[in-house]
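So the protein sequences, as listed, match chains A and B. My numbering applies: residue 3 is where the first sequence begins, and numbers increase by one. My numbering applies: residue 48 is where the second sequence begins, and numbers increase by one.
Hints are computed from structural coordinates only; laboratory data are not their basis. Careful, some of the hints might be misleading.
Calculated from the model, a selection of chain B residues having no Cβ within reach of chain A, i.e. all distances over 12 angstroms [said to hold, decoys possible]:
{"#": "1", "residue": "64"}
{"#": "2", "residue": "97"}
{"#": "3", "residue": "108"}
{"#": "4", "residue": "109"}
{"#": "5", "residue": "126"}
{"#": "6", "residue": "134"}
{"#": "7", "residue": "237"}
{"#": "8", "residue": "250"}
{"#": "9", "residue": "258"}
{"#": "10", "residue": "259"}
{"#": "11", "residue": "347"}
{"#": "12", "residue": "354"}
What follows is a list of derived Cβ distance ranges for each label pair [unchecked claim]:
{"#": "13", "chain 1": "A", "residue 1": "21", "chain 2": "B", "residue 2": "98", "range": "21 to 31 angstroms"}
{"#": "14", "chain 1": "A", "residue 1": "50", "chain 2": "B", "residue 2": "164", "range": "40 to 50 angstroms"}
{"#": "15", "chain 1": "B", "residue 1": "326", "chain 2": "A", "residue 2": "50", "range": "31 to 41 angstroms"}
{"#": "16", "chain 1": "A", "residue 1": "71", "chain 2": "B", "residue 2": "164", "range": "50 to 60 angstroms"}
{"#": "17", "chain 1": "A", "residue 1": "299", "chain 2": "B", "residue 2": "112", "range": "53 to 63 angstroms"}
{"#": "18", "chain 1": "A", "residue 1": "19", "chain 2": "B", "residue 2": "164", "range": "11 to 21 angstroms"}
{"#": "19", "chain 1": "B", "residue 1": "351", "chain 2": "A", "residue 2": "111", "range": "44 to 54 angstroms"}
{"#": "20", "chain 1": "B", "residue 1": "98", "chain 2": "A", "residue 2": "204", "range": "47 to 57 angstroms"}
{"#": "21", "chain 1": "B", "residue 1": "198", "chain 2": "A", "residue 2": "146", "range": "16 to 26 angstroms"}
{"#": "22", "chain 1": "A", "residue 1": "266", "chain 2": "B", "residue 2": "112", "range": "22 to 32 angstroms"}
Here a beta-carbon is modelled for each residue, glycine too, at the ideal position from N, C-alpha and C.
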Amino acid sequence: MASGLSEAVYRRQRLRERFIEGGLFLAAASSVFVTLAIVFVLVYESIGFFTTVPLTEFLFGTTWSPLFANPEYGILPLLGGTLLSSAVAMAFVAPIGLATAIYLSEFSSSRTREIVKPILELLSGVPTVVYGFFALLFVTPALQKIVPGLPGFNILSAGIVIGIMIIPYVASLSEDAMRAVPGSLRDGSLALGATRFETAIKVVLPAATSGVAAAFILGISRAVGETMIVAIAAGTQPNLTIDPREPAATITAYIVQVALGDLPHASLAYQTIFAAGLVLLLMTLMFNILGFWLRRKYREIY
Amino acid sequence: MAITYGTGVPESKATSSEEFDRRLRRRRRSEFIFACLGLLATSVGLFALAILVIDLAMTGLQRLDVSFFTNYPSRRAGQAGILSAWVGSLLVTIVTGLVGVPLGVSAAIYLEEYAPTNWMTNIIEINVSNLAGVPSIVYGLLALGLFIYGFGTGRSILTAGLTLGLLILPIIIVATREALRAVPSSLREAAYGVGATQWQVTKDHVLPAAMPGVLTGVIIGISRALGETAPLVTIGALSFIAFLPPSPITLEFPFISFAWLFEGFTVLPIQAFNWVSRPGHDFQTNAAAAGLVLLAITLLLNGVAIYFRYRLRKRLQW
């Protein structure tokens, strides 16, 4: 058996192994600390905010003017701006993303797919400030030729460019979900005489529903959290509207606007961005959990 | 059966086959129309990317000369440059990498190679996938509340690097885990079989085999950090910086200085954001030029990562 010397070596080695495992565990646990820190910071500053501003005014007030002499703290205009820009983005990306996914998964050759998919995924690598530039100085002037009287800052242009930005999320993830549908289902449908289009719409798409829905929800979550495009192209004026042609600030654009100025720490105006951030976090968290749940569901089927 | 059809059989057969042909033609036509629409939809994304690049190049390319890279920002658009911005981006990226990569890779190794299946592992996994969906500006708020007012690291390169390091953590964890998962268990078993410890197996065999995948994740993460604007706006990155941080290498002992970590800074996306929001055509030209530099770097990095992944899939036929 092992001699005395190698006993000592083993013991040292075992100790080292334990030590390394502990270090790796700490690294993994650090991600939990990041989440806890985010929640703590947002909630801590928001508590300060809500001791001054009643929750009902925050949730149901229709005017957001915290930096004015006569401040009002109704989040609805910012929430409306966020939802409106996300709705425009989804209205733009939904048909395009879905058609792209069906085309790449069911119609195109694998060679085409191998080339097109990486290029589409480059769209998610473009810095958002570049998208903002594109929205303000290319898309808006182009839209002004179609939509008369469109102001320089508007939700429409920002929403469309957000839609372009999330094409890879929606199209690529939907395509993954469709291709995860087993070939036997497809073959069965084709053998019964269905065309490829009918197979795609009536067999593959229903089978991939939860995966496709998850892709869309992750897209919405991205759109809700998008900051620079709206801050640059949609304006910073809170505006409770359902007309995408108008300018309107989103939650994210408001945070940027306040951060650009130099607000004194621990002032009420400083705390507003944390309250706004908390609302944003809760919204994206809701979408992410829904998306996570849907993805897990479709993974379980096949 | 025969009675039901009776004499009508030949006639009805003829009409039903005609009907069938007509429907088949319609079905084929709708298939063709959809194929065209699908192709059109696919090309929308490709065209959008092309138009974006061309538009930026047409506006900004004229400003891209040597002096644009060697000048500080200026009130006069024609003399303004991105010297402090690209130096700032470089330094912030170094800190980001030093924070995010070791932490992310270690976390991924733990989750993939070590973690027992229990509630704690489950929580960490759910947490990582949730972190990946947190909007980047929320990281900026975290940095403002925790680093600047909690730890007092100031509006510095260190704060920016820490923030972006945490931001890219989930990206690196997810990519590394995928790479580790693709390493066949036979490799691990062979190493265990000749008496290697778990850490030796991981460090000497699994990690090297997974390296291209890990690198892909690191490159994507770094490229994301380079393009991030929102969290740095929140921590107060300035846009008018007419000086460089002190050099990390000094002439006196100990020849290395970390003073630059605590210096104010600007980065390329912040500089571009500042220029784009200014009125006047000249500054927008500058914004386009800075955006073009940023786009070139990030698209190049993404291209390299995609190439890696492609090579990987061809090579990894275990």
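Problem - Violated hints - listed by number, lowest first - result: Violated hints (numbers, rising): 2, 8, 11, 12, 13, 19, 20, 21 and 22; every other hint is consistent with the structure.
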